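Undergrad: Listed below, chain by chain, are the residues.
2 protein chains.
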Amino acid sequence: MSAMETKLELRAELCEEILREYLPQADPCADTLVQAVAYSLLSGGKRLRPVIMETTGRMYGGREALRRPFMAALEMIHSYSLVHDDLPCMDDDEYRRGRKTTHIVYGEGMAVLAGDALLNAAAETALTAFDEAGSASENAAVIRAMRLLMKNAGLSGMIGGQCADLEAEDRPGEVDARTLYYIHKHKTACMIESAFQIGAILAGAPEQDIRALGRIAECTGVAFQIRDDILDVTGDTAELGKTVGSDARDGKTTYVTMHGLDKAMRDTEALSEEAMTLLDSLTGVCDREEQAFLRALVESLVQRTH
Amino acid sequence: MSAMETKLELRAELCEEILREYLPQADPCADTLVQAVAYSLLSGGKRLRPVIMETTGRMYGGREALRRPFMAALEMIHSYSLVHDDLPCMDDDEYRRGRKTTHIVYGEGMAVLAGDALLNAAAETALTAFDEAGSASENAAVIRAMRLLMKNAGLSGMIGGQCADLEAEDRPGEVDARTLYYIHKHKTACMIESAFQIGAILAGAPEQDIRALGRIAECTGVAFQIRDDILDVTGDTAELGKTVGSDARDGKTTYVTMHGLDKAMRDTEALSEEAMTLLDSLTGVCDREEQAFLRALVESLVQRTH
Numbered sequence: 001m002s003a004m005e006t007k008l009e010l011r012a013e014l015c016e017e018i019l020r021e022y023l024p025q026a027d028p029c030a031d032t033l034v035q036a037v038a039y040s041l042l043s044g045g046k047r048l049r050p051v052i053m054e055t056t057g058r059m060y061g062g063r064e065a066l067r068r069p070f071m072a073a074l075e076m077i078h079s080y081s082l083v084h085d086d087l088p089c090m091d092d093d094e095y096r097r098g099r100k101t102t103h104i105v106y107g108e109g110m111a112v113l114a115g116d117a118l119l120n121a122a123a124e125t126a127l128t129a130f131d132e133a134g135s136a137s138e139n140a141a142v143i144r145a146m147r148l149l150m151k152n153a154g155l156s157g158m159i160g161g162q163c164a165d166l167e168a169e170d171r172p173g174e175v176d177a178r179t180l181y182y183i184h185k186h187k188t189a190c191m192i193e194s195a196f197q198i199g200a201i202l203a204g205a206p207e208q209d210i211r212a213l214g215r216i217a218e219c220t221g222v223a224f225q226i227r228d229d230i231l232d233v234t235g236d237t238a239e240l241g242k243t244v245g246s247d248a249r250d251g252k253t254t255y256v257t258m259h260g261l262d263k264a265m266r267d268t269e270a271l272s273e274e275a276m277t278l279l280d281s282l283t284g285v286c287d288r289e290e291q292a293f294l295r296a297l298v299e300s301l302v303q304r305t306h
Numbered sequence: 001m002s003a004m005e006t007k008l009e010l011r012a013e014l015c016e017e018i019l020r021e022y023l024p025q026a027d028p029c030a031d032t033l034v035q036a037v038a039y040s041l042l043s044g045g046k047r048l049r050p051v052i053m054e055t056t057g058r059m060y061g062g063r064e065a066l067r068r069p070f071m072a073a074l075e076m077i078h079s080y081s082l083v084h085d086d087l088p089c090m091d092d093d094e095y096r097r098g099r100k101t102t103h104i105v106y107g108e109g110m111a112v113l114a115g116d117a118l119l120n121a122a123a124e125t126a127l128t129a130f131d132e133a134g135s136a137s138e139n140a141a142v143i144r145a146m147r148l149l150m151k152n153a154g155l156s157g158m159i160g161g162q163c164a165d166l167e168a169e170d171r172p173g174e175v176d177a178r179t180l181y182y183i184h185k186h187k188t189a190c191m192i193e194s195a196f197q198i199g200a201i202l203a204g205a206p207e208q209d210i211r212a213l214g215r216i217a218e219c220t221g222v223a224f225q226i227r228d229d230i231l232d233v234t235g236d237t238a239e240l241g242k243t244v245g246s247d248a249r250d251g252k253t254t255y256v257t258m259h260g261l262d263k264a265m266r267d268t269e270a271l272s273e274e275a276m277t278l279l280d281s282l283t284g285v286c287d288r289e290e291q292a293f294l295r296a297l298v299e300s301l302v303q304r305t306h
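Line order of the protein sequences matches chains A and B. Residue numbering for the first sequence follows the working numbering, starting at 1 and increasing by one per position. Residue numbering for the second sequence follows the working numbering, starting at 1 and increasing by one per position.
In short, the hints are calculated from the structure, not lab data. As the structure is a prediction and not an experimental result, all values here were calculated from the model. There may be inaccurate statements among the hints.
What the hints assert, rightly or not - Pairwise CB distance ranges, derived in the manner of DEER restraints:
1) B/ASP31 / A/LYS46: 30 to 36 Å
2) B/SER43 / A/GLY260: 43 to 49 Å
3) A/SER137 / B/GLY61: 29 to 35 Å
4) A/MET265 / B/ASP131: 43 to 49 Å
5) B/SER43 / A/LYS252: 31 to 37 Å
6) B/GLU207 / A/ALA270: 56 to 62 Å
7) B/GLU274 / A/SER137: 25 to 31 Å
8) A/ALA270 / B/ARG147: 42 to 48 Å
Positions of the beta carbon are idealized from the N, C-alpha and C atoms, including for glycine.
Work out the full structure: start from the sequences and follow the hints.
TA: Next up, the structure:
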């Protein structure tokens, strides 16, 4: 295990701890739902989004107390999107990471409510950051972070991407290059953008760095998705944990079926290089070790083999 | 039509206008979802919740610009809860107010996303109130209103009530009096509480009035629900628009099957009287006409015959 991977694991454990701290509670009358929410949220996973937020926050010397509610909130949004995505009327998945999905364990109705409860809890949790804000500028940063979080999760962000993806599945022949990029960017990169930018915003990072982090997030998120399409063609079935070539057989339009394998590989390379160059150009960083960790993490995401 | 009903209709039109103003937009790639959201939100209805918020806001001389985003947000939350409630895995309704439900028109997957998008848009919309806040105290009021809005919509509020209701339907014999009250209070009264209190909070009403409005909301919401159970037994099928006695035939536990018709009628009477007494005791009201309108509106809700 590399030093980056060790640090990533340690940091994921911190995220687990934070998620347990902010786990929604309710009256015993709603106990089943509280359980369904806990089952959905505490399901393992790499906790990539809050780990990135923690890292950009530390890079700029931000206060942990202000950041923790947003780390929990971002993962709650990610978790709700998976619960609803797994529903029979969406992707219809019975397993995720080797565990039964929420609707298999608690029923479809309860899974719809668990997703709703997680999205709602995300907003409630992020709002508690106002209790931690100790100055007018921190207060303003919380408002800005809150607005970015919800925008990137909503119709102009993740949910918009999910809509386009759902429609693309119904008519694969009609998907054009712009729509495919829209799906990759909105379904994945928008939430990554929240992870990169909110840590920096709460820490009072310079505006030009916040902008650069936004573009780094887009490059990382889109490259990650293209990489997914590439692995479906070139990957090792055992290492990947899913059948190679399944996208093509499902008639799904991917970056590779649309642009060819060569261009897909060239484009991830270019996106990866752009992200690295931007990461090295940040001006307000006060913790170089964190910056190096983020660099290694981004590299592993865009060059992953499984 | 009474003066109250005329004013109610006029005010509902104002709410329609506000909803149209805050209607979520997105990229053309997510156009189907934008349409599904508009179809769900602009579906008529009495707009009771934003009308109440407008009224308590005016009662205390609050600024409309601060209130409008919250009026839209509250109705978006109400609307999303109906879209998800109508899904086949929940109440499985094909029609609502004489129109096909969202999942019938746009499909189940799109209806799940439309509900998610509306809840997310509610948070985004309410957050725009920070742009309107012109002082530290208005800023603090927006934070407080935002937290109340999300709390009353979530696991400690409406979603908690929906969970208990969903479970009660599966095992009607096991529902006790406390659970039934919990369902009535959380599924309905919590959102009514947001309507009553947020208008007053944003207007800077005295604390004791905000507290009283919370209790008025609880009395109104619970009495409204008990009234619903009474009408299922005593109502006129034609006037009611649904078959009288359907709850009892479905084996559903209602306030009437649990406590008997006499106690149900006495209890709505007592709740109604408590609400009226509290409404008359408010200390910080600066617009008596609005107070009288609210009184007439509450009366019509708890004494409704259809």
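Undergrad: Going through the numbered hints above, which ones does this structure break? Give me the numbers in ascending order.
TA: The structure conflicts with hint 7 only, although it agrees with all the remaining ones.
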